[in-house]
Structure formats: structure tokens, C-alpha cells
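Undergrad: These are the residues of each chain, in order.
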Amino acid sequence: GAGVSQTPSNKVTEKGKYVELRCDPISGHTALYWYRQSLGQGPEFLIYFQGTGAADDSGLPNDRFFAVRPEGSVSTLKIQRTERGDSAVYLCASRKGENTGELFFGEGSRLTVL
Amino acid sequence: GENVEQHPSTLSVQEGDSAVIKCTYSDSASNYFPWYKQELGKGPQLIIDIRSNVGEKKDQRIAVTLNKTAKHFSLHITETQPEDSAVYFCAASNFGNEKLTFGTGTRLTIIP
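Listed in order, the protein sequences are those of chains A and B. In terms of the numbering used here, the first sequence opens at residue 1496 and continues consecutively. In terms of the numbering used here, the second sequence opens at residue 139 and continues consecutively.
Just so you know, the hints here were simulated from the structure itself, not pulled from any lab data. Remember, it's a predicted structure, so these values are computed and weren't measured experimentally. Careful: at least some of the hints might be erroneous.
27 Å max Cα-Cα, derived BS3-like pairs, lysine-lysine [unchecked claim]:
1) K196/B with K1506/A
2) K209/B with K196/B
3) K206/B with K1506/A
4) K206/B with K160/B
5) K209/B with K237/B
6) K195/B with K209/B
7) K175/B with K195/B
8) K1591/A with K175/B
9) K195/B with K180/B
10) K160/B with K209/B
11) K1573/A with K206/B
12) K160/B with K1506/A
13) K1591/A with K180/B
14) K175/B with K1506/A
15) K1573/A with K1591/A
16) K237/B with K175/B
17) K180/B with K1573/A
18) K1512/A with K1573/A
19) K180/B with K237/B
20) K175/B with K209/B
21) K1573/A with K1510/A
22) K1512/A with K175/B
23) K206/B with K180/B
24) K195/B with K237/B
25) K237/B with K196/B
Just chain A, with the same shape it has in the complex:
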């Protein structure tokens, strides 16, 4: 497709389980971002990749959260030992290059931790 693709669109899991969320950015976009959006709030920055490397992971809330982008395209956000407070919509965005600020967001993965 032409846009940012995120899977799954919905994930329900139990407290303590491991979760992976996948993001497929727009082809050719070098930068990739993960944001988290809680109900009624704005997106909250988690991590930013330029190519394969995490250029800024200062938004990851704790060491249960980890993200990879091994080939500079698809990215996976991994959450270990999920907690109820992790419930949110996880948004992925990509950006074409350094001279444009526009982020193209996917529709998000809604995570519910029971």
C-alpha cells in the first residue's frame, strides 16, 4: 500500500504477557517513529529511527519496551511483561527525509492489557 501499515490493528493480552507490534513504513522513508496515544491525549514520543539505528529512544518509559528496525524498513515494537498501564494506541509514523518535517502516521495498533 501507499501508506504506513501497522499490524495488528487490535491486540488484547493478559498482564505479564509479551507483545510485538509491527510497522511497515512508506517505501523510501528513512525515518521511523513510534508514538503512544492514551485516550483523550496527544501522541507521546517513544523512539525514533534514522535508518537501522535508534537515534533517540529517550521516550521509552522503561526497559520493558524495546524497538528494532534491522534492515532500515520494517520496525517492531516489543513490550515485555505487559502491564495494564501499557494499554493505549501505539502509532507508527515515517518521514521521507531531512528537509521535510511531515510525519505520515499509520492507523495505529490498539493494545489492551487485561
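Chain A is fixed; fit chain B onto it per the hints.
TA: Using the frame of chain A, we list chain B on its own:
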């Protein structure tokens, strides 16, 4: 770090009237200010952005103004239409720093 405050949280406007949403930011190093529109079940979509070297930018019915001294910027939508109903987010960043900080959002409802 940057803190962005946004007001109002909800706004109802009669179709055809104008809507104004205001944001303030805290970091004087911020120089990039985009506005995103989010419809239900969708990701945010950029509608307009402004850099700190200009005070105003317009795109058809949408305009953004920036006051660097006061550290605030506003979104203006004129001749509102039902399809303008959505949640709008302001954001700020230092363009060299990729971390975009969002406001808490404004739910805009256009009353037909």
C-alpha cells in the same frame, strides 16, 4: 524538555463560522510547529506547519500564526464545514531534534 499546552479541549462551531485553537510552548529552541488532524480510528494527518522564520502561513481555509516572543501559535479555520469535525493537535520541535511534542488535542465539532 518541551511542554505544549493546547486550548480549548472542545470547541463547537456553527457551520460557516470560524474556529480558533491556541497553543503555547515552553522551549525557546523550538522552531517547527505543525498541526495535525485526527479522525476517529485514524492516525494524525498533517494539515499545515510553520517554521519560526515566518509569523503566518495560509493554505486555503486554514492559517497558522506564530508569536515567538510570547511562545504561542494558533490555528485558524475559516468557513468551517462538517468535514472539519475532528480532533486537532498542535506540536512543537527543534527541527534538528526529531522529537515532536504534541498538545493534548482539541475536539472540534461543526454544527450543521
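Undergrad: Now, for every hint given, state plainly whether the structure supports it.
TA: Hint-by-hint comparison with the structure:
1. K196/B with K1506/A: This hinted pair is violated, its Cα atoms lying about 40 Å apart.
2. K209/B with K196/B: Measuring from Cα to Cα gives roughly 19 Å; hence the hint holds.
3. K206/B with K1506/A: violated (42 Å)
4. K206/B with K160/B: holds (14 Å)
5. K209/B with K237/B: holds (18 Å)
6. K195/B with K209/B: Cα-Cα ~16 Å, so holds.
7. K175/B with K195/B: holds (17 Å)
8. K1591/A with K175/B: holds (19 Å)
9. K195/B with K180/B: holds (26 Å)
10. K160/B with K209/B: Status holds; Cα separation ~11 Å.
11. K1573/A with K206/B: violated (39 Å)
12. K160/B with K1506/A: violated (35 Å)
13. K1591/A with K180/B: The hint holds at about 20 Å.
14. K175/B with K1506/A: This hinted pair holds, its Cα atoms lying about 25 Å apart.
15. K1573/A with K1591/A: Answer holds: K1573/A to K1591/A is near 24 Å, not above 27 Å.
16. K237/B with K175/B: holds (19 Å)
17. K180/B with K1573/A: holds (22 Å)
18. K1512/A with K1573/A: Between K1512/A and K1573/A the Cα gap is close to 11 Å, so the pair holds against 27 Å.
19. K180/B with K237/B: holds (21 Å)
20. K175/B with K209/B: holds (22 Å)
21. K1573/A with K1510/A: This hinted pair holds, its Cα atoms lying about 15 Å apart.
22. K1512/A with K175/B: Outside the cut-off at roughly 33 Å; violated.
23. K206/B with K180/B: violated (31 Å)
24. K195/B with K237/B: Holds - the C-alpha atoms of K237/B and K195/B are around 23 Å apart, at most 27 Å.
25. K237/B with K196/B: holds (25 Å)
Checked against the numbered hints above, the structure breaks hints 1, 3, 11, 12, 22 and 23 and satisfies the rest.
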